[in-house]
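Q: All chains should be modelled from the sequences, with the hints used to inform the complete structure.
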Amino acid sequence: MVNPWRAALSLLVLTLPLTSCRAPTPASARSASAGPGVETETPTPAPRSSRDDAAPAGAFSSSRGESPTQVLVELFTSQGCNSCPPADAFIGELASLDWATNTVIPLTYHVTYWDDLGWRDPFAQQLFDQRQIGYAQQVPGRRDPNETTMRGPYTPQMVVGGEVHFSGTLRDVAREEILKRAQGPALVELSIERAAVERDHAIVELRSAARAGAELNTDKAKIGLFAALAHKQLATEVPRGENAGETLREFNVVRAFQGPKLFRSHRAENHTRFELAMPEGAAPDELRVVVFAQDLADLGVYAARVAPLVAS
Numbered sequence: 004m005v006n007p008w009r010a011a012l013s014l015l016v017l018t019l020p021l022t023s024c025r026a027p028t029p030a031s032a033r034s035a036s037a038g039p040g041v042e043t044e045t046p047t048p049a050p051r052s053s054r055d056d057a058a059p060a061g062a063f064s065s066s067r068g069e070s071p072t073q074v075l076v077e078l079f080t081s082q083g084c085n086s087c088p089p090a091d092a093f094i095g096e097l098a099s100l101d102w103a104t105n106t107v108i109p110l111t112y113h114v115t116y117w118d119d120l121g122w123r124d125p126f127a128q129q130l131f132d133q134r135q136i137g138y139a140q141q142v143p144g145r146r147d148p149n150e151t152t153m154r155g156p157y158t159p160q161m162v163v164g165g166e167v168h169f170s171g172t173l174r175d176v177a178r179e180e181i182l183k184r185a186q187g188p189a190l191v192e193l194s195i196e197r198a199a200v201e202r203d204h205a206i207v208e209l210r211s212a213a214r215a216g217a218e219l220n221t222d223k224a225k226i227g228l229f230a231a232l233a234h235k236q237l238a239t240e241v242p243r244g245e246n247a248g249e250t251l252r253e254f255n256v257v258r259a260f261q262g263p264k265l266f267r268s269h270r271a272e273n274h275t276r277f278e279l280a281m282p283e284g285a286a287p288d289e290l291r292v293v294v295f296a297q298d299l300a301d302l303g304v305y306a307a308r309v310a311p312l313v314a315s
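Taking my numbering, the leading residue of the sequence shown gets 4, the next gets one more, and so forth.
Worth flagging that the hints you see were computed from the coordinates, not collected in a lab.
Predicted model only: the values in this text are computed from it and were never measured.
Note that CB positions come from ideal geometry on N, CA and C, so glycine has one too.
Incorrect hints may have been included.
[Claimed, not checked] Derived pair list, reagent style DSSO-like, types lysine-lysine, alpha-carbon separation capped at 27 Å:
no., residue 1, residue 2
1, 264, 235
2, 225, 183
3, 225, 264
[Claimed, not checked] Estimated spans, in silico, between C-beta atoms of each pair:
no., residue 1, residue 2, range
4, 276, 143, 33 to 39 Å
5, 179, 314, 35 to 41 Å
6, 283, 186, 40 to 46 Å
7, 248, 196, 42 to 48 Å
8, 154, 179, 18 to 24 Å
9, 283, 248, 25 to 31 Å
10, 269, 196, 19 to 25 Å
11, 129, 197, 28 to 34 Å
12, 140, 174, 22 to 28 Å
13, 270, 92, 17 to 23 Å
A: In C-alpha cells, the structure reads:
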C-alpha cells in the first residue's frame, strides 16, 4: 500500500535502510512542544540509567553502585509496520539474554502514524507520537552497518537511556549501547513504595532522591519523574495492512503513561504519586509498573525501576 506520507518524504526514504519504516510526522506531533514540562501527562523523552525484572518496592540500596545499572530501553513500534515484528521479538527476548538479565528495563510504545495503512493499531496513542518527536528533535542517531544515519521518527526506533537511537532490528548495536550505559551507579535513587490497583487505576507511590555524591546540575536542567503501566505480553491477530494474516506478539506494551512530575534534588527525599488508568479487561498480574527519572533538557535517563502491579 502507498502511504501519502511516504510520497511526500520520498527523497528522504531513499537514504534510509530497508530495515525500518520511515515514519511520517503527524501534524499534531509536529506542533507539540517537546520541551520540559511540570505536572503534566505529556511525555518529554527520557533519563539516564536503569535496572530490570522484579526489582520491587523497597528501601534505597547503598550497594546499587556495585551492580550493573538498569538501563531503560524504549522501542517505538506499530502493528501497521512490517519491519517491526523482529524488533518486538527482540524486546521479548531481552530478559532471557545473559548480558541483559537484570540490566534492561524495556518499554514499547505503539505510534499512530501507520494507522492509515489498512489496520488501526489498538495500542497506539498520539501521546507516544509526541514522545518520539521529542527524541527525534533532541537525541542523536547512530549509524547502522550500511553507514546510514537514521533520522527520526521511524519504526522500529529504539532509544537507549534517552541518549541514542537506532533501528530496533540492530541487535549488536543495542547490546553495545546498553552495556555501555550499564556501567557505574544511577545518579538518582528510585524506590517504588506501592504499585497497586484501586478501582480502575493503578496507584504508584514513588520515593526518590539524589544519589549520595551525585553531581546533578539542576540549576541548568530540570529532572522529571515518569511512570508507565505496561502489559507484559500481548498477542493480536492482524487481518489487514502490512502485517495482514500475522499474529503479532508484543512485549512490555505501554498502556498508560504519566509525567513529568518535577524531581527536586535539594530535598532529602521526594514523594510522588501517579494514577494510571487500568486497561479494560486487564488483570493486575498481566501488568508491570516502570518508573524513571529523566533530564528534561538533554533527555538522558538518570535511573529506572520496575515493579509488579498487585491487586489492592
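Q: So, for every hint listed, does it hold in this structure?
A: Results for each hint:
Taken as a hint, the residue 264 and residue 235 pair is honoured in the structure, with Cα atoms around 25 Å apart against an allowance of 27 Å. Of the supplied pair hints, the one linking residue 225 and residue 183 holds, its CA atoms being roughly 24 Å apart against a limit of 27 Å. Taking the CA atoms of residue 225 and residue 264, the gap is near 10 Å; set against the 27 Å cutoff, the hint holds. Under the hint 33 to 39 Å, the C-beta atoms of residue 276 and residue 143, about 34 Å apart, fit the expected range.
Here the CB-CB span from residue 179 to residue 314 is close to 40 Å, well matched to the stated 35 to 41 Å. Range check, residue 283 to residue 186: about 41 Å between beta-carbon atoms, so the 40 to 46 Å window is met. Restraint check, residue 248 to residue 196: a C-beta distance of roughly 46 Å satisfies the suggested window 42 to 48 Å. Between residue 154 and residue 179 the beta carbon distance is about 20 Å. The supplied range of 18 to 24 Å therefore holds.
At roughly 26 Å, the beta-carbon separation of residue 283 and residue 248 lies within the given 25 to 31 Å, and the hint holds. As the Cβ distance of residue 269 to residue 196 is approximately 21 Å, the hint placing it in 19 to 25 Å holds. The hint said 28 to 34 Å for the Cβ distance between residue 129 and residue 197, and at roughly 29 Å that hint holds. For residue 140 paired with residue 174, a C-beta distance near 26 Å keeps the hint of 22 to 28 Å intact.
Remark: the range hint 17 to 23 Å for residue 270 to residue 92 is contradicted by a beta-carbon distance near 42 Å.
In the structure shown, a violation is registered for the earlier hint numbered 13 alone.
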